[in-house]
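Novice: Read off the chains here:
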Amino acid sequence: MSAFGDYYSNQKGIFRSKLSEIVKSAKDEISNDPKNLFINWIVVFKDESILETFEYLEINNNEIKKTNYGYEYKRNSGYFFFYEMEKEKSSADKADTAKLAKGIDEMKKEKSSLSDKLKKPQYHLHVGVKKEYSSHIQKVPELLDHNGPHYKVSPITIDEIIGIIIVNFYDTKINLLDRFKINITPNVV
Amino acid sequence: MTVLIESLNKYKIPLKTLDNLPKSTQIKNSENISRKNSKEITSVTFGRTNNDLKHLEIGSRMPIKEGLILLSNSALSRKRIERFSSATSSRQIDVLPRIITRNDIRNKLLAFEKKYNKTSDKFYSDWKQGKAIDNLDTLKWATYYEMWKQKYFM
Chain A
1 MSAFGDYYSN QKGIFRSKLS EIVKSAKDEI SNDPKNLFIN WIVVFKDESI
51 LETFEYLEIN NNEIKKTNYG YEYKRNSGYF FFYEMEKEKS SADKADTAKL
101 AKGIDEMKKE KSSLSDKLKK PQYHLHVGVK KEYSSHIQKV PELLDHNGPH
151 YKVSPITIDE IIGIIIVNFY DTKINLLDRF KINITPNVV
Chain B
1001 MTVLIESLNK YKIPLKTLDN LPKSTQIKNS ENISRKNSKE ITSVTFGRTN
1051 NDLKHLEIGS RMPIKEGLIL LSNSALSRKR IERFSSATSS RQIDVLPRII
1101 TRNDIRNKLL AFEKKYNKTS DKFYSDWKQG KAIDNLDTLK WATYYEMWKQ
1151 KYFM
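Residue numbers (the numbering used here), protein chains in the order written: chain A, 1 to 189; chain B, 1001 to 1154.
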């Protein structure tokens, strides 16, 4: 059994079995080209809210490594949250950036790099209201679709996303949490 | 509830689509598929363990689960799979993963181009410069575009 096969089977277990009490349907698409592996799930819950996950993966020494991911949960009200991991810049991209920055004052360069990283961290979270439901929040553009801030977060897993959904929107099904691997140890700063 | 072995030939199922399937349905590797004149499949062996191997030859039928997995990986439409196999409903087919082909990637790129009224080349250039909207669609669009450029499934 390949690392990808194990990883995919685990997700299949989550959406088709462990969550059967609250999930109405779950469809998936996968790639099995070893150079381009991805898994995309669209999960519809019984209250019609929708979780879509997209993970692009690499296998190193038979271990799965996520290259980038997006986990978006949308509710009927238009509310959504979206956890994203952006792909790390390739060495070619980094070289381009370095080339562009050459000649610019070093301090300015460092400041700009810090503000860029804070503005759009590699791991970030969007919280807002979908454009099509936004008529009543036009005065709060920070909540409109994905236009608001990219809140910096730690890497997150599908199990943890499920945990967030259960405790916030299915609190009568808290017992389901026992079925997932959820790390609640705070990051040391 | 069975699928004819002959269907594997009729629909020219590529062997590489048989990798990375769930444990219970995985056909171990291409050595388990015998072919006549390196094209036509004459038999298939599959199973989870050596004690559990099933060997099927032309004329015999595969259990629905394994057969449908093979057919679903052949990029056939679900309707055609349903008609060809003896699956009683599309519900049986819906529980299978849909394995994305190169043609699917192309169609996804075209769908994004239509939705956002922008070519994929232009979008990707904007996205690389941080000028594109940041949402799940654009994450997928950029990833599919890179897969297309990297000759996915070629």
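If you're looking for bench data, these hints aren't it; they were derived computationally from the structure.
One should not assume that every hint holds.
What the hints assert, rightly or not - Ranges of calculated distance between the beta carbons of each label pair, as one might list FRET restraints:
#, chain 1, residue 1, chain 2, residue 2, range
1, A, N175, B, K1122, 29 to 39 Å
2, A, V140, B, Q1150, 37 to 47 Å
3, A, I174, B, K1151, 21 to 31 Å
Stated by the list, open to error - Calculated from the model, a selection of chain B residues having no Cβ within reach of chain A, i.e. all distances over 10 Å:
#, residue
4, N1103
5, R1106
6, K1115
7, Y1116
8, D1121
9, D1126
10, G1130
11, L1139
As the list claims (entries may be wrong) - Calculated lysine-lysine pairs in the BS3-like style (CA-CA distance at most 25 Å, straight line):
#, chain 1, residue 1, chain 2, residue 2
12, B, K1115, A, K152
13, B, K1108, A, K66
14, A, K173, A, K119
15, A, K152, B, K1114
16, A, K74, B, K1114
17, B, K1115, A, K117
18, B, K1122, A, K87
19, A, K131, B, K1108
20, A, K131, B, K1114
21, A, K117, B, K1128
22, A, K120, B, K1131
23, B, K1140, A, K130
24, A, K130, B, K1151
25, A, K131, B, K1151
26, A, K120, B, K1151
27, B, K1108, A, K74
Just so you know, even glycine gets a beta-carbon here, dropped at the ideal spot from N, CA and C.
Novice: Could you run down the list of hints and mark each one as holding or not?
Specialist: Structure-based check of all given hints:
1. A:N175 with B:K1122: 29 to 39 Å: At roughly 50 Å between Cβ atoms, K1122 of chain B and N175 of chain A fall outside 29 to 39 Å, so the hint is violated.
2. A:V140 with B:Q1150: 37 to 47 Å: holds (41 Å)
3. A:I174 with B:K1151: 21 to 31 Å: violated (47 Å)
4. N1103: holds (13 Å)
5. R1106: Non-interface label stands for R1106 of chain B: nearest chain A Cβ at 14 Å, farther than 10 Å.
6. K1115: holds (13 Å)
7. Y1116: Given a closest Cβ separation of 13 Å, the condition holds.
8. D1121: At about 17 Å from chain A, D1121 of chain B clears the 10 Å cut-off, so the statement holds.
9. D1126: holds (14 Å)
10. G1130: Contrary to the label, G1130 of chain B does not stay out of reach of chain A, its closest Cβ about 7 Å off (not over 10 Å).
11. L1139: With a cut-off of 10 Å, L1139 of chain B comes too close to chain A, as the shortest Cβ separation is near 4 Å.
12. B:K1115 with A:K152: violated (29 Å)
13. B:K1108 with A:K66: holds (22 Å)
14. A:K173 with A:K119: Roughly 36 Å between the alpha carbons, so the hint for K173 of chain A and K119 of chain A is violated.
15. A:K152 with B:K1114: Status violated; Cα separation ~32 Å.
16. A:K74 with B:K1114: Satisfied, since the Cα-Cα distance of roughly 23 Å is no more than 25 Å.
17. B:K1115 with A:K117: Outside the cut-off at roughly 30 Å; violated.
18. B:K1122 with A:K87: holds (19 Å)
19. A:K131 with B:K1108: holds (22 Å)
20. A:K131 with B:K1114: holds (18 Å)
21. A:K117 with B:K1128: holds (15 Å)
22. A:K120 with B:K1131: holds (12 Å)
23. B:K1140 with A:K130: Answer holds: K1140 of chain B to K130 of chain A is near 18 Å, not above 25 Å.
24. A:K130 with B:K1151: Not satisfied, since the Cα-Cα distance of roughly 34 Å exceeds 25 Å.
25. A:K131 with B:K1151: violated (35 Å)
26. A:K120 with B:K1151: violated (30 Å)
27. B:K1108 with A:K74: holds (22 Å)
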